[in-house]
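> Those protein sequence lines, which keep their order, are chains Z and F.
Going by the numbering used here, the final residue of the first sequence carries number 246, and the count climbs one at a time with no gaps.
Going by the numbering used here, the final residue of the second sequence carries number 206, and the count climbs one at a time with no gaps.
The set of hints was computed from the structure by calculation and includes no laboratory data.
There's no promise every hint is true.
In the DSSO-like style, the derived pairs of lysine-lysine whose C-alpha atoms are separated by at most 30 Å in a straight line are [what the hints assert, rightly or not]: (1) F:K120 to Z:K210; (2) Z:K210 to F:K202; (3) Z:K210 to F:K106; (4) F:K120 to Z:K136; (5) Z:K210 to F:K201; (6) F:K106 to F:K201; (7) Z:K234 to F:K120; (8) Z:K136 to F:K127; (9) Z:K210 to F:K98; (10) Z:K210 to F:K203; (11) F:K106 to Z:K136; (12) F:K62 to Z:K234.
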Amino acid sequence: MKRIATIVFMLALVAPSLVAAAPSKKAKPAVAPIPLEEPAEIAPPNDLFEPINRVTFAVNDGIDLIIVNPLVALWNGLMPSFVRTGVGNFFNNLDDVYVGVNHLLQGNGSRAGVDFERVAVNSTVGIGGLIDVGAKMGLQKVDGDFGQTLGVWGLPTGPYVILPLIGPSTVRESAGRSVRVMTDPRTYLDAVPSYSLMGLEYLQTRADAKANEGLIAASSLDRYVFIRNLYLQKRSLMVKSGQTQH
Amino acid sequence: MMSLVERAARIGALLGVLLSAVISTSVYADAPAPDELVRKLAAEMTSAVRSDPELQNPGSLKISDFVQKNIVPRFDFERITQIAMGRNWAKANSAEQKQIVTEFSKLLTRTYSNAISTLKDLDVEVKSTRVMTPNADVTVKTQMIGRPQPVSIDYSLINGPAGWKVYDVTVEGISLVAAYRDEFAGLVSQSGTSGLIDALKKKNGG
């Protein structure tokens, strides 16, 4: 999410120059409200595996309730917030390497430059990534991954998928994710450090988001569909911004 | 790598923050330009929350009062519902339409109201305005600052007899109203317009 925030932040920086002069002073009320244009038929999302997905979704919920939530509570309770921020920053710094590579693969060299500059600054001055010095210098973190790269290259998402433990994905994003895992040096560490590092990252990202999950539950009629929609909107936005940024 | 559910969840939370940022003015005698309106409302709202500890307390009655009085009138819930329903809107009769608008606005208001308490530590900055139709349809782009990363929130406003009203809020590029489309379409295709109304009522505890 931080990464998402940053993408948009970057876009927002550029936006004022692109945007026509804002209407100023007083605007006269329109004579009549503008009628809505004929709503387009919205293509239903590609959810070929919906029956299986819903089962996995429910299982993930169960695992959350029994295992993840207590762990997150413990983690939040034991660790002061600066430690949690540091851990989050540490993993973000590792991720920036991948983000940079993906921006290169997407042909977005200037953004990749910022990503690698962040890694350089944060790994050194930022004490191995624990402090996000880059952000303080105006180098904001953005999102980027191989699933997005595949999308920028023109590969469609394929059907929506709920991955065990991880949650929403698509066939394309899952392919991207497995490439990421295979190329992650942590995968090739011994089992204990490897799983510890991955577990810690998982816990930290879950902890980051926990507070907000209640709102989705409260505001949705069918949480499965609501989350699917948010996820697919987000992914399509990422691919579009990847395609237009170079 | 952040889990994908997390992303969805966080986006949801941001949707919460967003409702907080657009606020009604008690006085809008001479309708200001939409960007001015958003700026002014954000400032009023922020100072109200900061000066009143009860507005910083999620779940307090005062928050729901405040939202009813100051925020709700600034939203065009009929248009919001229309967009969320898409083609199914025209298929519903006017009594059903009215019911859906009522229940949906109740749902949105109830679930996102508490987010105003977060304005205690956040500021809203108006960045720019995109004009879709001059004097009638604009998007005011804002940023929420005060967290480690700024959050972009865009308000789509439409000008009508009662002045500018918000009909969509887009957080980090994700549209709140569009988020409901699939849900609404799914419910209508499964159990008709009445099924959607029942689901909304049930969610609202009625």
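> Determine for every hint whether it applies to the structure shown.
Consistency of the hints with the structure:
1. F:K120 to Z:K210: Distance of about 21 Å is within 30 Å: holds.
2. Z:K210 to F:K202: holds, 25 Å
3. Z:K210 to F:K106: Roughly 25 Å separates the two Cα atoms, so the pair holds.
4. F:K120 to Z:K136: Holds. F:K120 to Z:K136 sits at ~22 Å (cutoff 30 Å).
5. Z:K210 to F:K201: holds, 27 Å
6. F:K106 to F:K201: With Cα atoms ~9 Å apart, F:K106 and F:K201 stay inside 30 Å; holds.
7. Z:K234 to F:K120: Answer holds: Z:K234 to F:K120 is near 28 Å, not above 30 Å.
8. Z:K136 to F:K127: holds, 20 Å
9. Z:K210 to F:K98: Violated, at about 35 Å.
10. Z:K210 to F:K203: holds, 22 Å
11. F:K106 to Z:K136: violated, 41 Å
12. F:K62 to Z:K234: violated, 34 Å
The structure shown violates the earlier hints numbered 9, 11, 12.
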